[in-house]
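Please build the complete structure, drawing on both the sequences and the hints.
full-length UniProt numbering puts the last residue of the sequence shown at 404; the count rises by one with no breaks.
Hints are supplied without guarantee of correctness; some may be wrong.
[What the hints assert, rightly or not] With a straight-line Cα cutoff of 25 Å, these simulated DSS-like cross-link-like pairs (lysine-lysine) come out: (1) Lys325 - Lys341; (2) Lys217 - Lys155; (3) Lys195 - Lys224; (4) Lys175 - Lys196; (5) Lys217 - Lys293; (6) Lys217 - Lys245; (7) Lys217 - Lys196; (8) Lys217 - Lys175; (9) Lys341 - Lys395; (10) Lys241 - Lys217; (11) Lys224 - Lys196; (12) Lys195 - Lys175.
[As the list claims (entries may be wrong)] Ranges between beta-carbon positions, derived for each pair: (13) Ile200 - Gly279: 55 to 65 Å; (14) Tyr191 - Gln364: 33 to 43 Å; (15) Lys395 - Arg352: 18 to 28 Å.
Hints in this document: simulated from the structure, not taken from any laboratory. We treat Cβ as the ideally placed atom computed from N, Cα and C, and that holds for glycine.
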Amino acid sequence: MASLGLEYLESDSSDDPDRVPESPPPVPSTNPGTEPGPVTQFRTREEGIAAINEFARPHGYAVTSRRSKTTKKGVVKTIRLICDRGRVPAEVTEEPLAKRRNTNTLATGCPFRIALRLNLTTDHWHLTIENPTHNHLPSPASTHTTQRAIELTHKKDKVENAIRQGRTTRQILTKLREADPESTIIAQDIYNTRKKLNQIFLAGRTPIQALLQELPKDSDWIFKYEIDDQFHISALFYIHKSSVKILQMNLWVISIDCTYKTNQYSLPLLDIVGFAATGSTFHAGFAFMRDEKEDTYEVILSCLTEVYESLSLDPPYPSTILTDKEQALINAIESIFPETKHILCIWHINIRIIGIARRLLTDQVVQARRDRNQSTEAQPTEPSSQRQTKAQQAKEDREKVDEG
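And the structure:
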């Protein structure tokens with residue numbers, strides 16, 4: 001493609017605050033070989049815009065559509081393109097800082113202008129450069145939304161497949177840059193793609209509506225839920241069929257713990273874990289719960305009972321359940337699994353002991369240091385530069401407790 005004309009205007013460096021700034025004269029382009037060339041024609045306007053941005057990418061800018069003109073029959077005949085920094089920055093509002101949005105803009109009012117005009121006779125689009133100057137320096141392609149959008153379009157399938165596979169944004173960006181070190185896609189582009197896919201998937205439904213409609217379509221999941229008087233889901237239990245097969249071979253001991261609130265609704269997630277003969281663990285079920293009360297636990301454990309009954313096994317199964325000291329859960333186990341043994345999890349016991357011991361030992365170390373300081377008050381005072389602050393002493397106390 002022919003050169004598109006890239007020139008940059010130097011900014012005014014006058015120190016006089018009362019002087020009205022004037023537009024400086026255009027200076028020779030900082031990039032050789034970018035002076036205006038002959039008019040180029042394209043078969044479609046999309047092809048023309050793509051070719052222009054492909055040329056602009058290594059020269060540090062991008063173009064976007066500003067406005068278009070149509071014929072009386074509604075056929076687009078002219079498209080005016082501007083530098084993506086060509087819009088005039090919005091004036092700062094006088095709203096209080098507390099209400100004002102924390103935003104920024106790259107717009108500089110750049111005067112660069114080009115146009116694509118349709119020749120109705122040849123049905124080709126012709127490029128005309130109307131203003132070849134820029135009022136800003138060239139910038140990396142990653143700072144131009146248009147350039148990133150073009151690259152994201154080319155890599156759309158790869159990015160969307162990675163999102164559907166559950167890859168994190170960091171993992172996706174790492175893979176993209178390993179394949180293409182010059183990739184300009186940033187984390188926000190992945191976030192936007194993820195949000196768009198989520199909106200397409202929901203199709204106007206709420207997340208819980210989508211969940212209850214999509215789970216039956218996947219025959220690999222077994223699930224059950226309970227609705228309260230206000231038609232809100234109070235408990236949702238689900239288990240994968242592969243977990244049922246593993247549970248059938250390792251059904252004696254399970255652990256039940258409710259510690260995670262990582263979802264956007266901050267709902268407790270009950271994790272039911274089984275123990276295999278090899279010493280490894282597996283997920284024997286999950287449940288989202290409205291609260292951690294005894295009746296809610298009973299609903300979930302009743303669902304788990306149905307899973308065991310579907311295996312046509314003689315009770316009592318499971319033979320042992322491990323939990324932390326959650327009294328509501330313990331009461332529910334005694335009600336739903338009366339013949340099952342209950343044991344407190346040794347890991348939770350150790351964590352509890354360490355927490356209590358840390359507080360006790362810290363108090364003792366602090367008291368011992370305090371007694372030592374009192375016994376040395378009669379001795380000459382050390383220079384202030386050699387004395388430790390209370391914060392430093394407390395830090396040492398904590399380190400000694402952790403090491404002990």
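Of all the hints numbered above, which does this structure not satisfy? Sort the numbers upward. When the structure is compared with the hints, numbers 2, 3, 5, 8, 9, 11, 13, 14 turn out to be violated.
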